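Residue numbers (this note's numbering), protein chains in the order written: chain A, 0 to 355; chain B, 1318 to 1568.
Think of the hints as simulated: they come from the structure by calculation, not from any bench. On a predicted model such as this, the values are computed, not experimentally measured, just so you know. Even for Gly, the Cβ is constructed at its ideal location relative to N, Cα and C. Misleading hints may appear alongside valid ones.
Stated by the list, open to error - Simulated pairs of lysine-lysine, BS3-like, Cα-Cα distance not exceeding 27 Å:
#	chain 1	residue 1	chain 2	residue 2
1	A	Lys18	B	Lys1427
2	B	Lys1431	B	Lys1394
3	B	Lys1493	B	Lys1431
4	B	Lys1394	B	Lys1486
5	B	Lys1493	B	Lys1332
6	A	Lys18	B	Lys1431
To be verified - Computed, partial: chain A to chain B, Cβ under 7 Å:
#	residue
7	Trp237
8	Thr248
9	Gly251
10	Gly253
What the hints assert, rightly or not - Quick list of simulated restraints, FRET-style, between CB atoms:
#	chain 1	residue 1	chain 2	residue 2	range
11	A	Glu10	B	Ala1500	29 to 37 Å
12	B	Asn1324	A	Met188	42 to 50 Å
13	A	Arg63	B	Thr1422	43 to 51 Å
14	A	Arg255	B	Arg1379	22 to 30 Å
15	B	Glu1390	A	Val39	15 to 23 Å
16	A	Ser168	B	Ser1331	19 to 27 Å
17	B	Thr1422	A	Gly30	25 to 33 Å
18	A	Arg12	B	Lys1486	54 to 62 Å
19	A	Arg255	B	Asp1444	33 to 41 Å
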Amino acid sequence: MHLTHTEVPEEYRAHIGRKTSFVIGSLVVLGLTLIGAVSVGAVRIPLPELLASFWNQASADKWRIIIWHIRMPQALTAIVSGAGLAAAGAMMQSILRNPLGSPFTLGISHAAAFGAALCVMIMGPGTVQNTGSAALRILSPYAVTLSAFIFSLAATFIIIAISRVRRASPEVLVLAGVALGSLFTAGTMFLQYFADDVELAAMVFWTFGDVARASWRELLIIAAVLAVVAVYGFYNRWNYNAIDAGDETARGLGVRVERVRLAGMLAASLITAVVVAFLGIIGFVGLVCPHMVRRLIGDDHRFLLPGTCIIGALLLLAADTAARLVLAPHILPVSILTSFLGAPVFIYLIIRGYGR
Amino acid sequence: MMLTVDNVSFRYKSKPVLDSVAFEVAAHQVVSILGPNGVGKTTLLRCMNAILRPETGSIRVRNENILNLDSMEIARKLGYVAQTAEAARTTVFDAVLLGRRPHMTWRASKHDLKLTNAAIERLALGDLSLRYVTELSGGELQKVSIARALVQEPSILLLDEPTSSLDLKNQIEILKTVRQVAATHEVAAIMTMHNLNMALRYSDLFIFLKGGRIYSAGSPETVTPEIIEAVYGVPVDIVRHRDAPMVVPLA
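Could you put together the complete structure from these sequences and hints?
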């Protein structure tokens, strides 16, 4: 069958140009926010000296430790983890065709919290200390991280296994996720009930998501996993657009819907598991960011996925910077602020409404 | 022949649905698959583009058995218009461009964009091309689905009850469009239908299914009240009104 070629209308090119500008503009704002985030804090670093430190100039020597050992890893961790959680939320919402799809509504974070609590219970909590403010240092942080990671991936595999028994429909995946979330929450409560005071404090402390927990090493691990997941998600952008048009339509376009759905679920869960395992639970970024970006530039995954990653990074970086400043000299874990801000933003989006 | 369906059988678990279905379709033909609810019309359509794998038989498009091909290759030969199209917040242009998915590697080429524009103009959707799909009426949405199937550049267009949720004006418009597409392109259209009068008016060939088998197949002239009564269990008369056959239920 042959259609006669006709030129693409200018309006469409302009429309695509606007979406591209949004993505590039967001990236510029993110860069500026990063400079601002590294500059402000308990000690204010003048902008010229901050920029000088990038070029390794001697005049910035006295700031080097603050910039490269404290603020830069924290800010970059906020960027990669915000991008990762937001990308996971966008992918889950698309492949599950459910606006409530996110690592938290699907029980993956609850499983991580259970894994962390179980490890604290078995290996015991440690001495009291935390970054910035006095709190608690967990005795074996890598064991807790590993346990949280294993349980969050286990939750994903259980959800996928259930959906293999049934057909991998969005309903089955969402309901299995909700049921598992409830189960792991009950498990965590059970452990907390039998924990002593210090163990209980360690369990609760772990759930406060905080980007200050990561050093360069953790940052690089999160960034590497994010890179793989982001490239995978972007590679599948047309498949996600096809699934948006309905499962039957997607199959008619040659998309192997069940395979794309399960692999996407696995990829989104992987980045969530890595972020949550290293940083604790950071709520609402994965849920709210994709909705914000959908409102601004629509559901086309060619722009939605990069746009969501950048806005997620920007949101978490801005929230973390605010969390460092709002009660200075006390430093709030960023998860408290994201949950405070996320709920009203989400309610606003619901009230304004849009067709999804 | 454009399409040869040969000895196709299919069962859902232990329940047989299709039993040794066979027919042929030539280029430019519009074919209606008819029969009561649950007889296997949609299942047959899904078997034809291998969304469901038939238990036996073959589906040959231009003499090539599509059951041996991968899903993208099949989608380049058969365009499928599902009964219900979901509306995402993408523009009409992007929704139609999605039909190039089976031909794409990494990104949409200029060729893909030009074909998409051609299909949009072919379906008279030009004024809507930058509107979000969520803002369209049912008829417009159905046209978008057909345009999307057209840019797949298929040999066969499969449409699952394309008029089921449309008002009379839109039903006529969609069926006329299907006829025009089949007449002017090297393509055959096969659709499942419930509305017998619309099917009689806009189809070249009829396939009546009963009990998972073809009960009768032929041109509009071969359709008799006895066939319709045997398939649907309702006595009917076929009268001619301005040269068009019309089915009138007698029950």
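Hint-by-hint comparison with the structure:
{"no.": "1", "hint": "A:Lys18 <-> B:Lys1427", "in the structure": "holds, 18 Å"}
{"no.": "2", "hint": "B:Lys1431 <-> B:Lys1394", "in the structure": "holds, 20 Å"}
{"no.": "3", "hint": "B:Lys1493 <-> B:Lys1431", "in the structure": "holds, 24 Å"}
{"no.": "4", "hint": "B:Lys1394 <-> B:Lys1486", "in the structure": "violated, 30 Å"}
{"no.": "5", "hint": "B:Lys1493 <-> B:Lys1332", "in the structure": "violated, 37 Å"}
{"no.": "6", "hint": "A:Lys18 <-> B:Lys1431", "in the structure": "holds, 20 Å"}
{"no.": "7", "hint": "Trp237", "in the structure": "holds, 5 Å"}
{"no.": "8", "hint": "Thr248", "in the structure": "holds, 5 Å"}
{"no.": "9", "hint": "Gly251", "in the structure": "holds, 3 Å"}
{"no.": "10", "hint": "Gly253", "in the structure": "holds, 3 Å"}
{"no.": "11", "hint": "A:Glu10 <-> B:Ala1500: 29 to 37 Å", "in the structure": "holds, 31 Å"}
{"no.": "12", "hint": "B:Asn1324 <-> A:Met188: 42 to 50 Å", "in the structure": "violated, 60 Å"}
{"no.": "13", "hint": "A:Arg63 <-> B:Thr1422: 43 to 51 Å", "in the structure": "holds, 46 Å"}
{"no.": "14", "hint": "A:Arg255 <-> B:Arg1379: 22 to 30 Å", "in the structure": "holds, 24 Å"}
{"no.": "15", "hint": "B:Glu1390 <-> A:Val39: 15 to 23 Å", "in the structure": "violated, 57 Å"}
{"no.": "16", "hint": "A:Ser168 <-> B:Ser1331: 19 to 27 Å", "in the structure": "holds, 22 Å"}
{"no.": "17", "hint": "B:Thr1422 <-> A:Gly30: 25 to 33 Å", "in the structure": "holds, 32 Å"}
{"no.": "18", "hint": "A:Arg12 <-> B:Lys1486: 54 to 62 Å", "in the structure": "violated, 34 Å"}
{"no.": "19", "hint": "A:Arg255 <-> B:Asp1444: 33 to 41 Å", "in the structure": "holds, 35 Å"}
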